[in-house]
Amino acid sequence: MFDLQWLLIAIPLASGLGLLVWGKEGDRFGHLIGTVASALSFLFGVVLFASLLGKDGEDRSQSTKLFTWIDAGSFHVDMGFTFDQLSGLFVLLITGVGTLIHVYSIGYMAHDERRRRFFAFLNIFIAAMLTLVLASDYLVLFLGWEGVGLASYLLIGFWQHKDSAAAAAKKAFVVNRVGDLGMALGIMLMFTEFGTSSIHAVNGAITGASGSVATALGLLLLLGACGKSAQVPLQSWLLDAMEGPTPVSALIHAATMVTAGVYLVVRSNGIFDASEAARTAVIVVGLVTLLAGAWIGCAKDDIKKALAGSTMSQIGYMMLAAGLGPAGYAFAIFHLITHGFFKANMFLGAGSVMHGMNDDVEMRHYGGLRTFMPITFATFGLGYLAIIGVPPFAGFWSKDKIIEAAFGQNVWVGLGALLGAGVTAFYMTRLMIMTFFSEKRWREEVHPHESPRVMTWPLIGLAALSAVGGILLVSDWISEWLEPITGHAEHEELAIPAIVLTLIITVVVLIGVAAAVFFYNREPIAAETPADSSVSIFARAGRHELYGNELNDAVVVRPTRHLTRFLVWFDGKGVDGFVTGVADRLGDTSQFLRKPQTGYVRSYALTMFGGVAVLVLALLAVTLA
Amino acid sequence: MTAFWCLAPIMVIAALGLVFARKAVHAALCLAVVMISLAVLYAAQGAPFLFAVQIIVYTGAIMMLFLFVLMLVGVDSSDAVKETIGGQRLAAAIIGLIFGVTVVLAVGQTVSGVVVGLKAANGNGNPYGLSELLFGKYVLAFEFTSALLITAALGAMVLAHKERLTTRHSQADISARRMREYAESGRHPGPLPAPGVFARHNAVDTPALLPDGSPLESSISDSLVARGQVRDGFEDDIDKVVEQLDDDEQGLGGEK
Amino acid sequence: MILSILAATPIAGALLLALLPREAAPHHRAKYVALGVSLITLVLSLVVMAKFDQDAGGYQLTEKHEWIKVFGAYYSLGVNGIGITLILLTTILTPIVILAAFGDRLPDPKSTNAYFAWMLAVEGLAIGAFAATDAFLFYVLFEATLIPLYFLIGSFGGPNRSYAAVKFLIYNLVGGLLMLASIVGLYVISARQGDASFLLSDLQNLDFSTNTERLLFLGFMAAFAIKAPLWPLHTWLPDAAGQATPGTSVLMVSVIDKIGTFGMIRWCLGLFPGASDWASPVVIVLAVISILYGALLAVGQDDIRRLIAFTSVSHFGFIILGIFAFTTTSLAGSTLYMFNHGLSTAALFLVTGMMIARRGSARISDFGGVQKIAPIMSGVLLVAGLSSLSLPGLAPFISEFLVLAGTFTRSIPAAAFATLGIVLAALYILIMYQRVMTGPLKPGNEGVSDLDHREMASLTPAIILIVGLGFFPQPLLNVINPAIDDVISHVGKGDPAPKTPVNIDDSAAQEGGHE
Amino acid sequence: MNEYITLSLILFTIGCVGVLVRRNAIVVFMCIELMLNATNLAFVSFSRQNGNLDGQVAAFFVMVVAAAEVVVGLSIIVSIYRARRSASVDEASLLKS
Amino acid sequence: MIATFATATDLPDIAAPDIEYALLAPIFIIAGAAVLGVIVEAFWPRSSRFLVQTGIAVVGIIAAFIDTVWVFQDLDPVKDASHLARGKIAAEGALAIDGPGVFAWGILLIFGLLSMLLFAERRLEGGLSGFTGRAADAPGSAAEVEAIKHRVEHTEVFPLALFALVGMMLFATSNDLLTMFVALEVLSLPLYLLCGLARRRRLMSQEAALKYFLLGAFSSVFFLYGIALTYGYSGSFRLSDIDVAVTNRSDSENMLLAATALIAVGLLFKIGAVPFHTWTPDVYQGAPTPVTAFMAAGTKAAAFLALLRVFFVAFGGSSWDWRPTIVAVAIITMFLGAVVSISQTDVKRMLAYSSIAHAGFLLVGFTGAYIGSSDSSRVTSTSSILFYLTVYGVSSIGAFAVVTLVRDSGGETTHLSKWAGLGKKSPLLAGSFALFMLSFAGIPLTGGFIGKWTVFSAAWSGGFWWLVVIGVLVSALAAYFYVRVIVLMFFTDPVGEGPTVAAPSIMTTGVIAVAVIVTLGLGIIPGPVLDLAQHAGAFVR
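So the protein sequences, as listed, match chains C, D, G, R and V. Taking our numbering, the leading residue of the first sequence gets 1, the next gets one more, and so forth. Taking our numbering, the leading residue of the second sequence gets 626, the next gets one more, and so forth. Taking our numbering, the leading residue of the third sequence gets 882, the next gets one more, and so forth. Taking our numbering, the leading residue of the fourth sequence gets 1397, the next gets one more, and so forth. Taking our numbering, the leading residue of the fifth sequence gets 1494, the next gets one more, and so forth.
The set of hints was computed from the structure by calculation and includes no laboratory data. We put the CB at the ideal spot given by N, CA and C, even for glycine. Warning: the hint list may mix true and false statements.
To be verified - Label pairs and their computed distance ranges (CB to CB): (1) 21(C) <-> 913(G): 24 to 30 Å; (2) 711(D) <-> 1539(V): 46 to 52 Å; (3) 786(D) <-> 1508(V): 40 to 46 Å.
Start from the sequences, fold in the hints, and give me the full structure.
In structure tokens form, the structure reads like this:
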């Protein structure tokens, strides 16, 4: 049956391509077909996962080779897939959450004339994402990796008529390409070093290679991961990516694609295990992103951007966990899954709010919506509780474990993670207050209303998952489940008991909540965004996304633009100028040389006579020489 | 050797005269001097046949041809002093000097001194020796010089000879025609009035004046009219004549 | 014999077109005749492909007749895997180009016959050049391709066409003539060592002194480096492509320029392995410069056609890089790249050409928001663009990756710098796409209609091949591989062995028994 | 022997210079004749030096050739003169650059 | 002095010269045709004289050509030669009837035939030939109008051209310097005359004749002095004797070198090499176009043969002395010809500069001085130049034939700007001209390419590989202006009404067609002609 795992990919892919090619006639059923395809894929994934559960530990990695993809020279890559414990979880997450989002989108995109195409892109995304997680070769993984990038590009820029959307899409793709550079070089290095890019083979053989190779590979893969997962320094595209329709933000830029980096690190655990330096780099990246994302989340008034900052931050957590090595891999994946639930939930909730608010994303124009959108409020609230880590909701379990593991690694890392938890509580509470509580600050002609059922059901489903997602941790199931892949971790004894740490975390979270309530419930919230000059320097930096774009501009974009301009000038005046210059000089020479042709026969004779003299002298000179 | 040392300076001077003489005729005469001197040198070097040919063909025929053409073109024609092409003379002099010095030093002074002499070759006489070569070794070249001569003749014919395209009219034909024309159209049978008659100038480009003082166009050669070389401004002259006549009349009147 | 027929068919078609009466009517017989001839050629090339034994390697379907005895020149044809791939590219692209060119508005409507006749002539000569196994014959055909292209550019292009045509011709002629010097040298050397012969097989057995070999190599390389524009010899291409009709550009960039890179493999590596090795550091540096320089300049262009031309400069950099990295992987990648680049550039040139014809301007800044009114065109442009930026899943990715991976084993810095090109590729394609297709509809673009059926019919094969070969490149690679092995073993450069080899069989077994 | 050749060379050179500085076509042509004559002197001198008559035959041929050449040359000059009323070589300069 | 004049009676008889009439028949046929033409000129009625003259010329040339083929086939290989050589010394040593020489006869006769057809073209000027009706009339005079009215024609051009052809054939085969000098004059004098006979633009035509004549005479004097010095050095005019003297190297080497230089001057003048090229553009432009065609093709071929013969046979022993200088001349000639033609605006002038450039390329092959070896069939300098001359000659006659057809009210319009858009007006004619241009540029599939190839290979065989590189670079330069003409004809819109293309008779059409066929044919299947050139072998000493 696992031989058929390619069907997981093929179903949504076929559906996606079919919907694209199918003309206008497909508009009526396109969304349904897309949803069904995703659901089918999910069901098949469930079946496969279930049969995996029934197998022994060793048999739980099911590889299948579809065909030889590339066989050129000494380079050989099979189009092969591996369904194992890790990819199985991802398949469920992707297709499950994906299906819910498909359903949601039926309603959300109901009035868009290009809805069929939207579903086609979603399907293609699902297929690419599944390729990414199922791949048994890094190059196949790269295929999926770029496939999701393409889908992301198409979906961010779905509303192409908006310049901002198109620009955001392009930015996402280009920044991702920088990450891909790392990926590509990494794969080349694998090929050079091992003669293969099979994930299994490389991770198995890495111990035989020198440490610097492992470090190099680790760093290169990390660069790729940073691009895809919006980690510092390649984070800047994610907030812009919110230009896409909200379901896209939920599916791609919260639940699934952006976590691909984490998947990659976990999947390449062999490489990272072999290099301390690479792991440290992962931790640093994770930690920095964690705090940066949280910071940005605090300052944004755009609900989706606030959530996007939060996403960055949460992925930072995952990265951090993944960087901890075997101790953290499982928790990274665990948090990834729970985050997939609650963040998708919240994004869809945000979409629901926007749906009711005439697509306004400015939280300062919200307020008091809890009575107008009860279901949305309830589901969002569950997601909120989950993300800030209120027991017993999903986020509590996963985040708690990560912070614990971080303390196990290093106190400073642990403290950073802890601080992040507090800030998370702060900005999420702020978001809740500004949206659902406080006074109405609506614009005119806005009549908030609850979304149709097709949108609320997925919300309810995801909310439920956010609430109970922690179940995976029961008796450390997730760690044991993933252990054949991530390797066994020795439990390090912390300086303080785990339960105390949990308490401390909870207290920090509560402080964050309290602070938010203190700041935002005390006085009415301004309906207009305060000017930059009137807010603190922290808020200002957060609003400007910590000046990441400005930095990119200054360091990369502008120099490139200048270089390009210079080169255009140089190509015209320098390279081509040289050629045309030679041509012009020849023309001048020609004009000059035709001058002696004066028409006077005597000057011709003179030329000849001169020639005679020279010829005679030249020949006589031969004897002298 | 005496002949050589006597003639060499003369030849060089004459040659220089060819270069420097302003008048073409003088140049031609200088050339003739060179040629005749050469003939003497030929004789001195065992080439009596060439001596004769040089005198007859070169000095006699070729130089005459030159002189004929000079006459045709204008004996007096001479080069203007001013050089039209900038630097030509200087360059010619410099290159000439370089060339001359080079060849004289490199070639003229290095000719091997061994002189075989023509005693043996002229054993049967110089003309015999020449004819033996001419009709033996070089017979083909000799034959093909005829092609040259034919070409030359043909060329002269083509470029200089004007073939008559109409039959020549005898004097009788002409007078008969004139009288017929006079009978038919009243055209004046006699010669046209000569130009310059009753005119201020008697130059050919000045038309004759009719008794009423108006110019007679037909008195001027057609070709001058075609070239536009008819003297213009003669109306002005006529005014002057009229003025003069008026003065005369007044003078006469005064006497009356 | 079949190769001769294959090459002669389009030539005969061209002559036929030249003899057909000139018509000015909108429906020209010439177009259909040309399309028919090119389709017949395509069928013939498929027959050739079928006759070709993939596993055997070496030159096949050979034929040989004495041509010019004194020179030792033979009319000698034969194909190996590389040659047949490029012949296939030629025969596939020509019908596409001709069909797409049905709608071209020519300066002189009466010249339709000439337009298509020249196109067919290009096809025939190119096939000949790819099949020639005699250096002299190759040279003659190589240079002869200039003439039809010269007339195609000069007679049918934009306002500045004659400048572009002359520049194209002179540039290529300079290279070709330098190669002529080498050809002459080959003759002299071959005649000194026995009977003169230009047969590839004979030339490969000549003994050269090191210096002679290098000089001769430089002559060949100069021609090929200009043809496959290698920085800094590329400036003719943007001008030519900027003025030529889209069809001409396709034939020029996708087919004829490939003769340059093809020539590097067959003639530079084939005849002068030592000198090629000697020159490879410099060539690799130039190739990397080409990659980055072409990409950066593409970013800076406002004329779409020039932009595509510069992308080609960049892509040719990759191809040349792969050739001179001397690994089976990179060389197979380069060969495949030639094919794939041909397809993707063809698609790009043709679809933008249709766009430009509708808008009446090639300036990117004149476009904007076109996708709203021409979604299919926008989709095709996007696919073509993505293939140009080597998106995995599309054909060029595989070849580009093979080139890079192969180069990486030889020189990490070269590969690393070259890989930067993939970022820049994203920039130039996406910026162009963004400015042309997205955003609100810019005034002046209202008349840009979507693709019609004929245009779609001409582009579809290219798109299908681009996607299909992205997932299933193996049919072509199977043909290419034996030829590449021949070349590399002739050059005497094996692939560097992996430093930490992995026993693939073991690992496969461990991965679970579902092979 | 040197002196004859030297004289011949001097005359030859003078002829050359004459061709360059004279403007009357006929005089130019006469200078060429001077050069021919100088050559003849060389032929005759070398003939004596070598002890065979080939040189004298050559001089003879030169005279014949010169005769033919003069005819052709002068007829060309005359026809030019007819057209232009001038025998100056400088005036014939329509064809240039 | 008196003693030298002995009485005639006691002198021995002079032996009758031994002339191989069978071998020399082609020359005599042409000479006979020329003389016959002169006789016809004197006695035949004017009305049909033109046709008769044309007929004599054409038939004579064809007959001579057939005989040439026969002679060529019958040439015997020379025994004991170090190199493959065929033929023998004939006519008391005056001529060397050998492979290259007879091959040259063949191409000269072909050039002559094609040119005669152009001479005979009478449709372009309303039933009159392209030559002036009465050369003695001053241009623009009433007499000229009268001459035109009476439709008089100079049918003497045919015998004159035949004489020139005789001269060329002699020049190509002369085995002694004296015959060579006479041949030079035989070939030159008629050409001087012919140059001045144009029907239109007579002042220019006469000027061309004057310039050609004065400069030609000037150069031939140098040539002659070179002969004198050679004679002084070796005591003989016979090339083989000179070779012996050169090989033995007497002490007065300076004289040999000066002689070499001066002889080179005369020959380089005829082929139009720099710095002795100055006459070429003016004369090519001024002369009647058919004459230009004849001159461009024929003179160059004959002069090159003479150059090869003198330098390979007579001065072969001192080739290390003259080769460096000739290399320099070759480079300068190629370069100047190519560069100056870029800025030309007149088609005929441009073709003249192109011919200078081609002289340079030919000199490249010449300096290679590769005379082959008996065991290798590698292209030699001689065979390469023979082939090049064939291609160049036919192509340039074709090109000039096209020039005669592009006309406006004032006759031929040779200003390049008037040629704009010719391709649209008359694609076939413009196509032919383009083909000739491509051949000149050396693009493959034309004869010009093979020609270039052969001369370059000869140069390389002679060790001058770097000269080959320079040569190819200059060819690229040269290609520029050929290409420019094509641009003008095909890619440029005509100015105003554009040029008119006169409808020619079968003669000009035939010439162009033959030229096209030969140019293409020699590009695609050069084998037979190359084999012939190669088969001709080396010069016979």
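Consistency of the hints with the structure:
no.: 1; hint: 21(C) <-> 913(G): 24 to 30 Å; verdict: holds (28 Å)
no.: 2; hint: 711(D) <-> 1539(V): 46 to 52 Å; verdict: holds (50 Å)
no.: 3; hint: 786(D) <-> 1508(V): 40 to 46 Å; verdict: holds (42 Å)
No hint from the list above goes unmet by this structure.
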